[in-house]
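Undergrad: Below, each chain spelled out in residue letters.
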Amino acid sequence: MARRIDVHHHLAAPHLLPGLIDAGILLKHDAEAMTAAHALDDMDKGGVTTAINSPPAPPHAVIDNRDRAISFARENNEYFARLVSDHKGRFGFFAALPMPYVDAVLKEIEYALDTLKADGVYLMTSYQDHWLGDAVFAPVFDELNRRKTLIYTHPLSPYCCTKPLKEVVMPDAMIEFGTDTTRAIANMVFGGTSRRCPDLRVIWSHAGGTMPFLIYRFLKTAGIPVNAQKLPQGVVHELKRFYYDTAQASHPVLLTALKQVVGLEHTVFGSDYPWGLSPTCVAELEAAGVLSADEMRAIDYANILPLLPRFQ
Amino acid sequence: MAARVDVHHHLVAPQFRAQLRDWGVLTPGQVLAMDDQATLADMDQGGVTLAVNSATLPEQVTGEARRAYSRANNEYMAKLVGDYKGRFGHFANLPLPDVDGALKEIEYAFDTLKVDGVHLITSYGDHWLGDKIFDPVFDELNRRKAVIYTHPHGPHCTQDILKEIDIRDSSIEYGTDTTRALVNLLFSGTLTRCPNLKVIWSHGGGTMPFLVERFIRMEKAPRYAPLMPKGFVAEARKFFYDTAQILHSTPLLALKDLIPLSQICYGTDYPWRGSKECVDKLKQSGVFTDAELATIDANGGALFPRFK
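If you read the protein sequences in the order shown, they are chains A and B. According to my numbering, the first sequence is numbered sequentially starting from 1. According to my numbering, the second sequence is numbered sequentially starting from 1.
To be clear, the hints were calculated from the coordinates, so they are not data collected in a lab. Each hint should be verified, as a subset may be incorrect.
What the hints assert, rightly or not - Simulated pairs of lysine-lysine, BS3-like, Cα-Cα distance not exceeding 25 Å:
#, chain 1, residue 1, chain 2, residue 2
1, A, K163, B, K132
2, B, K220, A, K163
3, B, K220, A, K166
4, B, K256, A, K259
5, B, K198, A, K166
6, B, K281, A, K240
7, B, K220, A, K230
8, A, K259, B, K281
9, B, K132, A, K166
10, A, K45, A, K28
11, B, K283, A, K259
12, A, K28, B, K220
What the hints assert, rightly or not - Now the stretches of chain A that chain B is said to cover, found in silico as 3 or more residues with beta-carbon under 8 Å:
#, region
13, 174 to 181
14, 248 to 256
To be verified - Output of the computed footprint for chain B on chain A, the stretches with three or more beta carbons under 8 Å from beta carbons of chain B:
#, region
15, 32 to 38
16, 124 to 134
17, 185 to 197
18, 208 to 218
19, 221 to 231
Where is the CB? At the ideal position from N, CA and C, for every residue including glycine.
Please work from the sequences and hints to get the whole structure.
TA: Here it is in structure tokens:
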């Protein structure tokens, strides 16, 4: 049977779902879809053999409270670990971390990777208006680099840009998420973390936010002498080391841009379940007319499989 | 000589240049480049037959000073139009978010100075174009069937937010602010109410082309479906987009795939980019044939009756 691995797949410990509804992160019907049974049903329909789970974005109120951040991470991680053993081969997980509390994060990394055997970790693109790559997070990246950890990232709307448009009713996912991913990419590359931590493998959601369309600006920024010194092999070399998922990014314009800027060797399948359904994602990727059968197979599983030893 | 119209071309009246340099808005080299003769020399180098000027609007200029800044720039640019026949057009500067001041300046700029359109920033004080506080301005511009040339900036909420790296707000934040304004104008219903406007978005539409899938997913929401009966992309194809700062095959190809050639206009971002560099890089991108590039070059001209 052909394999398909979904790296962008959101579930959460059942007792945490009501809080996520109250915080406006989930609608009621999103939460209802976030059970193992419903998820497996969707996976079967879309030919997804394995989904690597991560929780939805924690609300700002969780990020801002150390104890809540710690319990949000731990309770989701224990739930995800149970799903891995309850449904052999069907689920993996990216461990949630109690960012931005670095000492607690280091403890959770140890527990999640050593005891719960997570497949990687889950980081938001920014926390409290500090983006991935900021110096405050250096100990976290050094430890993840030492462990050669796979990092799956997901955007949120930072404080600075939460619901900026007052006249229209739309989730911040529409515009602000894409930009926050781009900020984090720029911060990781131009801040030097990506070169200081060469063993990190980082997945950016949604085809890299808006980075591929802003590539000319990235090239210009890389030409600023202080940045050029940090990037002896150029900015595109760094961008090609990252991985990019296809969640909410199956339009031919996006896929073509991604292919041109970084190639498809590090593009990986993501559905954004429960906001994206896997059969729809597969159909849209195929209908885009951009991907060859070989490229589709690589995106489905061959690109990501080397980074997921437990599923090899 | 074949027309090449630059819709993204910045000048500032001479009396403000030293102040903008001191604020760091312009480099000393850009101040020199804003001299009439230096500007014309750059246009000649890249074969630009007509440049439609717009003045940078630094946010340090506020209140009454802002009205005076708009007026002085508009008079300066109108003089350039008269002094160098056929070489310059003029997007009027407006003192927004001062709506009363903007309405007065619209009247003076169109009726007395005979401008080719107006220059709006994508947001003012964290209010984006399409916000209801700007309704009187859009209604008046719609009545005049105006061309609106828009330019992004880094809104207050995002200014210099990446503190640890050397990156300009123009690199990431400008593109997003264009997308916010475009979406806000469309999804707020402003453009349904004001169907006579012709809007030019800078820099290939900011980040809209790369986020198009998100907006397509919203087009059927009951709230928005009446605003875009043929969908988001059909509406996006009514706008104009300039080529400033997207001199790379990836954004150019994305724009070409999404937007008809008739809506893509040559733009340089002078004095941040020279006209010859823009011409050469558009050609080197390999995205457009020579005939398509000639269309892009000429498209801007069709927007302005006096240059037809």
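Undergrad: Could you run down the list of hints and mark each one as holding or not?
TA: A quick look at each hint next to the structure:
no. : hint              : result
1   : K163(A) / K132(B) : holds (16 Å)
2   : K220(B) / K163(A) : holds (21 Å)
3   : K220(B) / K166(A) : holds (20 Å)
4   : K256(B) / K259(A) : holds (16 Å)
5   : K198(B) / K166(A) : holds (24 Å)
6   : K281(B) / K240(A) : holds (23 Å)
7   : K220(B) / K230(A) : violated (46 Å)
8   : K259(A) / K281(B) : holds (20 Å)
9   : K132(B) / K166(A) : holds (9 Å)
10  : K45(A) / K28(A)   : holds (22 Å)
11  : K283(B) / K259(A) : holds (21 Å)
12  : K28(A) / K220(B)  : holds (20 Å)
13  : 174 to 181        : holds (count 5)
14  : 248 to 256        : holds (count 8)
15  : 32 to 38          : violated (count 0)
16  : 124 to 134        : holds (count 4)
17  : 185 to 197        : holds (count 4)
18  : 208 to 218        : holds (count 8)
19  : 221 to 231        : holds (count 4)
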